[in-house]
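Asker: Residue numbers (my numbering), protein chains in the order written: chain A, 2 to 337; chain B, 2 to 337.
Hints should not be assumed to be uniformly reliable.
It does not matter which identical chain is meant; a pair holds if it fits inside one copy or across any two.
Below, a list of computed lysine-lysine pairs in the DSS-like style, where the Cα atoms sit at most 27 Å apart [what the hints assert, rightly or not]:
id, residue 1, residue 2
1, Lys226, Lys181
2, Lys238, Lys249
3, Lys4, Lys238
4, Lys8, Lys249
5, Lys249, Lys4
6, Lys238, Lys8
7, Lys181, Lys8
8, Lys283, Lys41
9, Lys181, Lys41
10, Lys41, Lys4
11, Lys249, Lys176
12, Lys238, Lys3
13, Lys41, Lys176
14, Lys249, Lys41
15, Lys226, Lys176
16, Lys3, Lys283
17, Lys238, Lys226
18, Lys291, Lys41
19, Lys226, Lys41
Note that these hints are calculated values from the structure, not bench results.
2 protein chains.
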Amino acid sequence: MKKFINKTDDILAESLSGFALAHSDLVSLNLNPNFLTRAKKKQPKTTNKVAIISGGGSGHEPLHAGYIGYGMLDAACPSHVFSSPTPDQMLAAAEAVHAGMGVLFIVKNYAGDVMNFEMASEMLAFENATVLTSDDCAVINSTYTTGRRGVAGTVIVEKCVGSLAETGASLPACKALGDKVNIRTASIGVALTSCTVPAAGRPTFDISDAEIEMGVGIHGEPGRKREAMREAEAIIKDMVDAIFADFKARNINTNSEVLLLINGFGATPLMELYLIYNSAAKLLAETGLKITRSLVGNYTTAIDMAGASITVCLLDDEIRQHWDSPVHTAALRWGC
Amino acid sequence: MKKFINKTDDILAESLSGFALAHSDLVSLNLNPNFLTRAKKKQPKTTNKVAIISGGGSGHEPLHAGYIGYGMLDAACPSHVFSSPTPDQMLAAAEAVHAGMGVLFIVKNYAGDVMNFEMASEMLAFENATVLTSDDCAVINSTYTTGRRGVAGTVIVEKCVGSLAETGASLPACKALGDKVNIRTASIGVALTSCTVPAAGRPTFDISDAEIEMGVGIHGEPGRKREAMREAEAIIKDMVDAIFADFKARNINTNSEVLLLINGFGATPLMELYLIYNSAAKLLAETGLKITRSLVGNYTTAIDMAGASITVCLLDDEIRQHWDSPVHTAALRWGC
Numbered sequence: 002m003k004k005f006i007n008k009t010d011d012i013l014a015e016s017l018s019g020f021a022l023a024h025s026d027l028v029s030l031n032l033n034p035n036f037l038t039r040a041k042k043k044q045p046k047t048t049n050k051v052a053i054i055s056g057g058g059s060g061h062e063p064l065h066a067g068y069i070g071y072g073m074l075d076a077a078c079p080s081h082v083f084s085s086p087t088p089d090q091m092l093a094a095a096e097a098v099h100a101g102m103g104v105l106f107i108v109k110n111y112a113g114d115v116m117n118f119e120m121a122s123e124m125l126a127f128e129n130a131t132v133l134t135s136d137d138c139a140v141i142n143s144t145y146t147t148g149r150r151g152v153a154g155t156v157i158v159e160k161c162v163g164s165l166a167e168t169g170a171s172l173p174a175c176k177a178l179g180d181k182v183n184i185r186t187a188s189i190g191v192a193l194t195s196c197t198v199p200a201a202g203r204p205t206f207d208i209s210d211a212e213i214e215m216g217v218g219i220h221g222e223p224g225r226k227r228e229a230m231r232e233a234e235a236i237i238k239d240m241v242d243a244i245f246a247d248f249k250a251r252n253i254n255t256n257s258e259v260l261l262l263i264n265g266f267g268a269t270p271l272m273e274l275y276l277i278y279n280s281a282a283k284l285l286a287e288t289g290l291k292i293t294r295s296l297v298g299n300y301t302t303a304i305d306m307a308g309a310s311i312t313v314c315l316l317d318d319e320i321r322q323h324w325d326s327p328v329h330t331a332a333l334r335w336g337c
Numbered sequence: 002m003k004k005f006i007n008k009t010d011d012i013l014a015e016s017l018s019g020f021a022l023a024h025s026d027l028v029s030l031n032l033n034p035n036f037l038t039r040a041k042k043k044q045p046k047t048t049n050k051v052a053i054i055s056g057g058g059s060g061h062e063p064l065h066a067g068y069i070g071y072g073m074l075d076a077a078c079p080s081h082v083f084s085s086p087t088p089d090q091m092l093a094a095a096e097a098v099h100a101g102m103g104v105l106f107i108v109k110n111y112a113g114d115v116m117n118f119e120m121a122s123e124m125l126a127f128e129n130a131t132v133l134t135s136d137d138c139a140v141i142n143s144t145y146t147t148g149r150r151g152v153a154g155t156v157i158v159e160k161c162v163g164s165l166a167e168t169g170a171s172l173p174a175c176k177a178l179g180d181k182v183n184i185r186t187a188s189i190g191v192a193l194t195s196c197t198v199p200a201a202g203r204p205t206f207d208i209s210d211a212e213i214e215m216g217v218g219i220h221g222e223p224g225r226k227r228e229a230m231r232e233a234e235a236i237i238k239d240m241v242d243a244i245f246a247d248f249k250a251r252n253i254n255t256n257s258e259v260l261l262l263i264n265g266f267g268a269t270p271l272m273e274l275y276l277i278y279n280s281a282a283k284l285l286a287e288t289g290l291k292i293t294r295s296l297v298g299n300y301t302t303a304i305d306m307a308g309a310s311i312t313v314c315l316l317d318d319e320i321r322q323h324w325d326s327p328v329h330t331a332a333l334r335w336g337c
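Isolated chain A (complex conformation) (with noise of 0.2 Å):
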């Protein structure tokens, strides 16, 4: 394992610490517990919003520190590589950033983080109420999972309640909003090689220069099968065959223009990502479905995996408004 860091041990608080200084306009770090707010210096308490937390295991940046800031996150409260937050982490964070309406915690359906979200969820001395992210279509039930996992829809979710939250809408609103985005939204994610949790420090699987894993999950648990490689648009034809299947199980109507959103999992290249956009814009647009809204980089990772997602989400004139709506992040940033 080649990366750079000093003590494993240390990996977090460096790299938070690095965060927060690269960004001390956008952001305020606390260590120990660990939580992330927005600035407080410029941006003071805000009142009259519901206020938007998420968290979850590292490796997965900028998920989700990088999208604290107006329009999105109020807090994020981040853990040790693949690792879920704690409550205390969560209870700290609310208590610094709620302000009198509510905290709504978005959560990616993983049972570590949902289990310690919902103790936090219990301990909160003020009105909550949890979105649980699960765009992840490939697998029902996994290694860290029961029932399906959340990955990089997880970001649109998060842009759009966020932006909503700023309208000062209610909790309900706000958690239905979620919802309805997590529903009307399918990922699904293949790899080319395995990531390297640093605490491990070798590959999390073996995977040969013959296969890919077709369905992997951002912390490289297995996917649907372990496939022979082959050309990129027969790649990606099955995936975006398997968010449309999904859609069609899930007696979703896909009458609808989408956001399409090509992720990479940390080591894949741009050029490669526009190349995935390319096969899977043709794609869509053979079945009639308009692209109007796009998203192509790294957004949510899984450390230094080479491998991407394809996500899928079905606008409508709320979620657009949303998506549209200015935001102010370290990792999206339109509009202000």
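Position chain B relative to chain A; hints supplied.
Answerer: Just chain B now, kept in the frame of chain A:
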């Protein structure tokens, strides 16, 4: 070699097509000859500005096409991976975007790029000038270079010159600012792994798990020396020292605020880039330097290399102003 590609010969066209589709609000693509301009539909041909054009081999994405748009480039001429573009591309791009005030080429100092842009410069019917970027302090002369290489500092040159050009400044003024930013900028890179050029199908160089290539180029060219892998902070200290030794050797007064750019080469997790930022910021603080602007991410890549570069730009009022000004491109966006 495992990559998301179809046929090796089609990578460039497919990737560029995906880029142009995903950012159709920002760019328009011309194939044969290959060049991209600001989107024709929404941004009608600007008048009364110097046209800023860059280009070079692909594999460094988002450089350069990702920097086309308001406040930065007017056009970019990408060639195949690590190959120089040809004069017909620059001439066609210049013809498409010139607006009566001349053309400024921003060219990374590699022999092939320099030769081809020089030919274009001579053939061009209207006034033009060139800024050669040469911020890499690792080596003098290299595999593809006479003199210092142009690397990630090129992004800062493109941002500042692009900003000045929007004000209607003259061609000599734009060239002068570009040259000044280049002189006040120094970079050095380090590789943990080699990149793999698709057409070659195998890593450009061999490197063991116990080694790093200090001073590596963005095409995988040799750097200063092969060194032992060690803790991040020790590596980063050597890099920061090299940068300040370079400023000193060039008699550049470093008594100023700085912009610190931590650039990933394509396969380095964001978590590690922020850890590098943390160490570099600490080292700069110890020397009494104040970092007032930061950029962390994949901005000038070497395909799928694991590695990173550190760039320090010595700010003055003019450079800071043009760095801060609004920019709207695929890869850099703020203020609009």
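Asker: Each hint: holds or not?
Answerer: Verification of the hints:
For the homomeric pair lysine 226 and lysine 181, neither the shortest alpha-carbon distance inside one copy (29 Å) nor that between copies (55 Å) is at most 27 Å. Within a single copy, lysine 238 and lysine 249 get their C-alpha atoms as close as 16 Å, which meets the 27 Å cut-off; across copies the closest is 55 Å, which misses it. Taking the closest pair of Cα atoms, lysine 4 and lysine 238 come within 27 Å of each other only across two copies (16 Å); inside a single copy the shortest separation is 34 Å, beyond that limit. In the homo-oligomer, the alpha carbons of lysine 8 and lysine 249 never lie at most 27 Å apart, since the shortest distance is 48 Å inside one protomer and 32 Å across protomers.
Taking identical chains as interchangeable, the C-alpha atoms of lysine 249 and lysine 4 are never at most 27 Å apart, the minima being 42 Å within one chain and 30 Å between chains. Only between protomers do lysine 238 and lysine 8 lie at most 27 Å apart by alpha-carbon distance; the minimum there is 16 Å, versus 42 Å within a single protomer. When the C-alpha separation of lysine 181 and lysine 8 is checked against a cutoff of 27 Å, the pair qualifies neither within a copy, at 42 Å, nor between copies, at 39 Å. Taking the shortest alpha-carbon separations for lysine 283 and lysine 41, only the inter-copy value of 22 Å comes in at or below 27 Å, while the best intra-copy value is 45 Å.
Taking CA atoms no more than 27 Å apart as the test, lysine 181 paired with lysine 41 passes in neither setting, with 31 Å inside one copy and 36 Å between copies. For the identical chains of this complex, lysine 41 and lysine 4 are neighbours neither inside a copy (32 Å) nor across copies (43 Å), given an alpha-carbon limit of 27 Å. Only within a single protomer do lysine 249 and lysine 176 lie at most 27 Å apart by alpha-carbon distance; the minimum there is 24 Å, versus 57 Å between protomers. Taking identical chains as interchangeable, the C-alpha atoms of lysine 238 and lysine 3 lie at most 27 Å apart only when they sit on different chains, with a minimum of 18 Å there against 34 Å within one chain.
For a Cα distance limit of 27 Å, the shortest separation of lysine 41 from lysine 176 inside one copy, 26 Å, qualifies, whereas the shortest one across copies, 40 Å, does not. In this assembly of identical chains, lysine 249 and lysine 41 lie within 27 Å of each other by CA distance neither inside one copy nor across copies; the values are 45 Å within and 38 Å between. Within a single copy, lysine 226 and lysine 176 get their C-alpha atoms no closer than 34 Å, and across copies no closer than 55 Å, so neither meets the 27 Å cut-off. For the identical chains of this complex, lysine 3 and lysine 283 are inter-copy neighbours only, at 22 Å across copies versus 38 Å inside a copy, given an alpha-carbon limit of 27 Å.
For the homomeric pair lysine 238 and lysine 226, the shortest alpha-carbon distance inside one copy (16 Å) is at most 27 Å, but the shortest distance between copies (44 Å) is not. Taking identical chains as interchangeable, the C-alpha atoms of lysine 291 and lysine 41 lie at most 27 Å apart only when they sit on different chains, with a minimum of 21 Å there against 41 Å within one chain. Taking the shortest Cα distances, lysine 226 and lysine 41 never come within 27 Å of each other, neither inside one copy (47 Å) nor across copies (44 Å).
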